[in-house]
Amino acid sequence: MLETYELLVIILLASFILLIFTGYPIAWVLAGVSFWFVVIAIYGSEYADLDTYLLTSWARFSVIVDRIWSQMQNSVLVALPMFVFMGLMLDRSGVADRLMQSFTRLFGSLQGGLAIAVCCIGILLAASTGIVGASVVLLATLSMPLMLAYSYSKRLAAGVIAASGTLGILIPPSIMLVIMADQLAMSVGDLFMGAMIPGLLLGVLYMLYVIVVTHLFPGMGPPPADAPPMTARIVLDALLSMAAPAALILAVLGTIFFGIATATEASGVGAFGAMLLAAWNRRLDWRCIKDVSYETAATTAFIMAIFLGASAFALVMRNLGGDEFIAHMLRSLPFGPEGIIIVILGIAFVAGFFLDWLEISLIFLPLVAPVVKALGFDPVWFVVVFAVMLQTSFLTPPVGFSLFYLKGVVPKEVSTRDIYLGILPFVAIQLLCVFLVFEFPELALWLPREVYGGAAR
Amino acid sequence: MTQFVGLQEGAEAKGYLAGLPPCPAADAIERAVLLVGKIFAFAWLLLVLVIMVGVLERYAPPITRVMAMIFGSNPGTALTELQWHLYAAGFLVAIPFAMVRGNHVRIDVLAEHFPLRRKAWIEFLGTLLFLIPFCVFVLIHAAPFVERSITLNEVSPSPGGLGGRWIIKSFMIVSFLLLLAAALARLLRVANFLFRQRAA
Amino acid sequence: QERVRWGVPIAFGSNLTALGDTLPYVAQQLNRMSGGRINFIVQEPGSVIPALGVFDAVSEGKVDAGYSWMGYEIGKVPSSALYGATPFGMEALEFSAWYWFHGGKDMLLEIYARHNIVPIFCGAIAPEGAGWFRQQITNLDQVRGLRFRAAGLGGRIWERVGASVQLIPGPELYQALERGVLDGTEFSLPTVDEQLGFQRVAKFLHLPGFHQPTTNQFLYVNKGVWDKLQEPTKAMIETACQAGVAFAMARAEALQGAVLAKFKAEGVTVARLPEDVLKRLQEATNAVLDEQAARDADFKRVLDSMRKFQDEHQAWKQLGYLPRDWPIR
Ligand code: NA
Ligand code: NA
Numbered sequence: 456m457l458e459t460y461e462l463l464v465i466i467l468l469a470s471f472i473l474l475i476f477t478g479y480p481i482a483w484v485l486a487g488v489s490f491w492f493v494v495i496a497i498y499g500s501e502y503a504d505l506d507t508y509l510l511t512s513w514a515r516f517s518v519i520v521d522r523i524w525s526q527m528q529n530s531v532l533v534a535l536p537m538f539v540f541m542g543l544m545l546d547r548s549g550v551a552d553r554l555m556q557s558f559t560r561l562f563g564s565l566q567g568g569l570a571i572a573v574c575c576i577g578i579l580l581a582a583s584t585g586i587v588g589a590s591v592v593l594l595a596t597l598s599m600p601l602m603l604a605y606s607y608s609k610r611l612a613a614g615v616i617a618a619s620g621t622l623g624i625l626i627p628p629s630i631m632l633v634i635m636a637d638q639l640a641m642s643v644g645d646l647f648m649g650a651m652i653p654g655l656l657l658g659v660l661y662m663l664y665v666i667v668v669t670h671l672f673p674g675m676g677p678p679p680a681d682a683p684p685m686t687a688r689i690v691l692d693a694l695l696s697m698a699a700p701a702a703l704i705l706a707v708l709g710t711i712f713f714g715i716a717t718a719t720e721a722s723g724v725g726a727f728g729a730m731l732l733a734a735w736n737r738r739l740d741w742r743c744i745k746d747v748s749y750e751t752a753a754t755t756a757f758i759m760a761i762f763l764g765a766s767a768f769a770l771v772m773r774n775l776g777g778d779e780f781i782a783h784m785l786r787s788l789p790f791g792p793e794g795i796i797i798v799i800l801g802i803a804f805v806a807g808f809f810l811d812w813l814e815i816s817l818i819f820l821p822l823v824a825p826v827v828k829a830l831g832f833d834p835v836w837f838v839v840v841f842a843v844m845l846q847t848s849f850l851t852p853p854v855g856f857s858l859f860y861l862k863g864v865v866p867k868e869v870s871t872r873d874i875y876l877g878i879l880p881f882v883a884i885q886l887l888c889v890f891l892v893f894e895f896p897e898l899a900l901w902l903p904r905e906v907y908g909g910a911a912r
Numbered sequence: 159m160t161q162f163v164g165l166q167e168g169a170e171a172k173g174y175l176a177g178l179p180p181c182p183a184a185d186a187i188e189r190a191v192l193l194v195g196k197i198f199a200f201a202w203l204l205l206v207l208v209i210m211v212g213v214l215e216r217y218a219p220p221i222t223r224v225m226a227m228i229f230g231s232n233p234g235t236a237l238t239e240l241q242w243h244l245y246a247a248g249f250l251v252a253i254p255f256a257m258v259r260g261n262h263v264r265i266d267v268l269a270e271h272f273p274l275r276r277k278a279w280i281e282f283l284g285t286l287l288f289l290i291p292f293c294v295f296v297l298i299h300a301a302p303f304v305e306r307s308i309t310l311n312e313v314s315p316s317p318g319g320l321g322g323r324w325i326i327k328s329f330m331i332v333s334f335l336l337l338l339a340a341a342l343a344r345l346l347r348v349a350n351f352l353f354r355q356r357a358a
Numbered sequence: 209q210e211r212v213r214w215g216v217p218i219a220f221g222s223n224l225t226a227l228g229d230t231l232p233y234v235a236q237q238l239n240r241m242s243g244g245r246i247n248f249i250v251q252e253p254g255s256v257i258p259a260l261g262v263f264d265a266v267s268e269g270k271v272d273a274g275y276s277w278m279g280y281e282i283g284k285v286p287s288s289a290l291y292g293a294t295p296f297g298m299e300a301l302e303f304s305a306w307y308w309f310h311g312g313k314d315m316l317l318e319i320y321a322r323h324n325i326v327p328i329f330c331g332a333i334a335p336e337g338a339g340w341f342r343q344q345i346t347n348l349d350q351v352r353g354l355r356f357r358a359a360g361l362g363g364r365i366w367e368r369v370g371a372s373v374q375l376i377p378g379p380e381l382y383q384a385l386e387r388g389v390l391d392g393t394e395f396s397l398p399t400v401d402e403q404l405g406f407q408r409v410a411k412f413l414h415l416p417g418f419h420q421p422t423t424n425q426f427l428y429v430n431k432g433v434w435d436k437l438q439e440p441t442k443a444m445i446e447t448a449c450q451a452g453v454a455f456a457m458a459r460a461e462a463l464q465g466a467v468l469a470k471f472k473a474e475g476v477t478v479a480r481l482p483e484d485v486l487k488r489l490q491e492a493t494n495a496v497l498d499e500q501a502a503r504d505a506d507f508k509r510v511l512d513s514m515r516k517f518q519d520e521h522q523a524w525k526q527l528g529y530l531p532r533d534w535p536i537r
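Protein chains in written order, with this note's numbering: chain Y, 456 to 912; chain S, 159 to 358; chain E, 209 to 537.
Read the hints as simulated data drawn from the structure, not as lab findings.
Be aware that a few hints might be false.
Sample of chain S residues with no beta-carbon within 12 Å of chain Y, all distances over it, derived [said to hold, decoys possible]:
#	residue
1	226
2	227
3	243
4	322
Pairs of lysine-lysine residues, derived as DSS-like cross-links and limited to a Cα-Cα distance of at most 30 Å, are as follows [unchecked claim]:
#	chain 1	residue 1	chain 2	residue 2
5	E	472	E	313
6	E	470	Y	828
7	E	442	E	313
8	E	442	E	284
9	E	472	Y	828
10	Y	828	E	508
11	S	172	Y	867
12	Y	867	S	196
Chain E side only, calculated, beta carbon under 7 Å to chain Y, not exhaustive [what the hints assert, rightly or not]:
#	residue
13	255
14	256
15	270
16	408
We put the beta carbon where it would ideally sit given N, CA and C, even for glycine.
Hey, can you work out the whole structure from these sequences and the hints?
Here's what the structure looks like:
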């Protein structure tokens, strides 16, 4: 028999899912729904004698102020606007255009060459940033207009950008893995190494998919009609034009790798480097700085607003005992160890439709991790499988952060429907990758053992 | 050149909610919010520079000496804290800025096909019942939060960190006041359409 | 009798041995001794209240109670730092002696009453490590310019001996140390450090934890909520917390030997900081503490009381016990 507050948790989730389809901004739906459930809970407990668990006074919800303050102090998230700034500046500098042009020349004569280029840039960005919003925005602004100009399938274009842009959360450095390590008191290094191979594998699988599908359906990624034959000169030109952005990405990666600065600071170094490149190309004028600053503000704002709304929502859900409710349901499952893992991954997949990785990592992962440890599975393996599964949360509607970011920056001619249909094959590839890591744990465990000499606890 | 579609100024009145009649009162409020947003957008440029100085400071003694004149004996900590101070002020003021410009994400799978009147009703009810109560609630509770910081003369717990914690905490109030203003402007704009037209 | 159901946020994850699992133990004991009438719902850091926001939340009545390390409150209530841990100060057992029998508790109750909080001493653990270093510290010169991460009073002390104290956020510590952005960092008990994997990226663990000879945690209860409780409930909570102190002390002490042996097996050099470095650090400590005392009357009052007890207790501490390096058999 369900307790009243457990029933409230279910209604809370359901109302949120229904209300976001009104088209009202999702951040304010999250905040507003949370607010009204506090009203219901308080008056319910006071006048109708409902058991609302911990949600018995306005004071419980006023914690939102402390949570906003904590979000303000989150110095790791400083990297978010900086990578956005870097992406926009790179775009304005003209370097990005030349980069895409060079990729067009290099891969252009291939079927789906631009989409392959997006995968490559996606992997490179993933290795330097780890912030999905910034990667998707950067990839979209870099490549979407070009792909549309070359009559690529809008769905393939949208799918490959959204999917490649999410690689950053898995391929280290990764904020998600840092948070998971923090939640479970595990070594960040183990998780970084563990996620490296599955992350790269995912990128390679995307590329394979693009190659296969554009060969089966040439209309989806046609080579440009005017594609010049590949000469040594074109290759040289292309390599030269790649030098600048490559140097920039190397500057970001090198800053981290050689220990000059933290990953967060590297984001600022990258943004500064992008400004230097713009200056080099004589594009760094007042107008450019102004535009990039405004767009950085706008992009950062919509991401942070959703963080804020999600924070209010999670606060209400936890005060209604939502997390204990889920944990309790899990513990009463009648399956074997592998079955329980599959159920956990299945829940993560379904939860990923409505929640983002952060909420899932913060609410759900700590609940299931002890169960998994008790079952005798290697925690590094489990967290990596789980992390690959959470990748799908970025791409699954209605709440898919990659889809939001993409929607925010693509031209109007790319409809929401195009985006939703476009990401379907990539979600399937992610599930394939989950399956591979599940069946072959060495994919996650080999590298940490090689690097740190000794498996994780 | 890439176009920032949907991110232009005043996009909400011209984009998702295109077709609303002009509303000078809403325009005036929105202009004010935009102005503050534009000024604080330069926090991001400043942030780039502060990070660069912070990184260089770790390796270049001359820069350390200059910074030490500004921030005291341990400028590294002050510079690191300045980073998240700028980030916090930047994103807080940017949220209402993005509200006016129509950058906040909507799930418009169904809604993009709604007639304008239905969209306007949703906007009216959503703003009145979801956004405004939330803003008011946060403001009511942010006030004592900031006041407390002033009373305790709160400073950074880290050695060499920045003082005057109430200043950065106040940005929560600034942000939600601006957000409330933007919400009221939006409410005026859709109410002007929903209620004035029917009378006419 | 009354029923109590509190959400109690904690400042350290319950998965961190000795540091984080004390309140879950206290909660369990309370539930048992009250026959299920007293329920503390332990809330992990950040899940409801941010780790550093426990004090504010309890003070303002946003939650009924919370559990935290008092050192976090240094920015708002400076004397809290001394209750959390005093550099070169008392160890866990000594602190308990001073707190319960030499006036420590009365002063704290008075100071925290101004913030609408009733603090209950509810956990004390063994010293932390002095820090993890990429190079072994053998002399004072190495300390100058050392890029070191340390929080609170410890940070001020390192700064004063010439280290360049860096503020690196928790989640980035591991990588910063691994990549050499930092030359060293302190974090917590060796067991906890081991859980976070610092031994993988820094091969020198220096002891002793001069900056934190004990780490004291308190259950903060909102004063309005506490005053309304019935006497048996108050007694059960206080008693469970006293059990929590004993539990934490024993648990922390129980685990460190094995973990040091494990570090050695993994190629970590575990060594004491050189005497001249320690002496220099102690001078810096005295200066930092006196400076803080000059600025805050409560801080001075508490520090004086602690020093008075330490002076009185010193003879017993030195003579009453075998020297620490006395052979076992
Ligand atoms: Na990454
Ligand atoms: Na999703």
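Going through the hints against the structure:
1. 226: Holds, since 19 Å exceeds 12 Å.
2. 227: Check passes; 22 Å lies beyond 12 Å.
3. 243: violated (9 Å)
4. 322: holds (15 Å)
5. E/472 - E/313: violated (40 Å)
6. E/470 - Y/828: holds (21 Å)
7. E/442 - E/313: holds (16 Å)
8. E/442 - E/284: Holds, at roughly 27 Å.
9. E/472 - Y/828: holds (26 Å)
10. Y/828 - E/508: violated (48 Å)
11. S/172 - Y/867: Roughly 13 Å separates the two Cα atoms, so the pair holds.
12. Y/867 - S/196: holds (25 Å)
13. 255: holds (6 Å)
14. 256: Status holds, d = 5 Å.
15. 270: Constraint on residue 270 of chain E satisfied, holds at 5 Å.
16. 408: holds (5 Å)
In summary, the structure is inconsistent with hints 3, 5 and 10 from the numbered list given earlier, while agreeing with the others.
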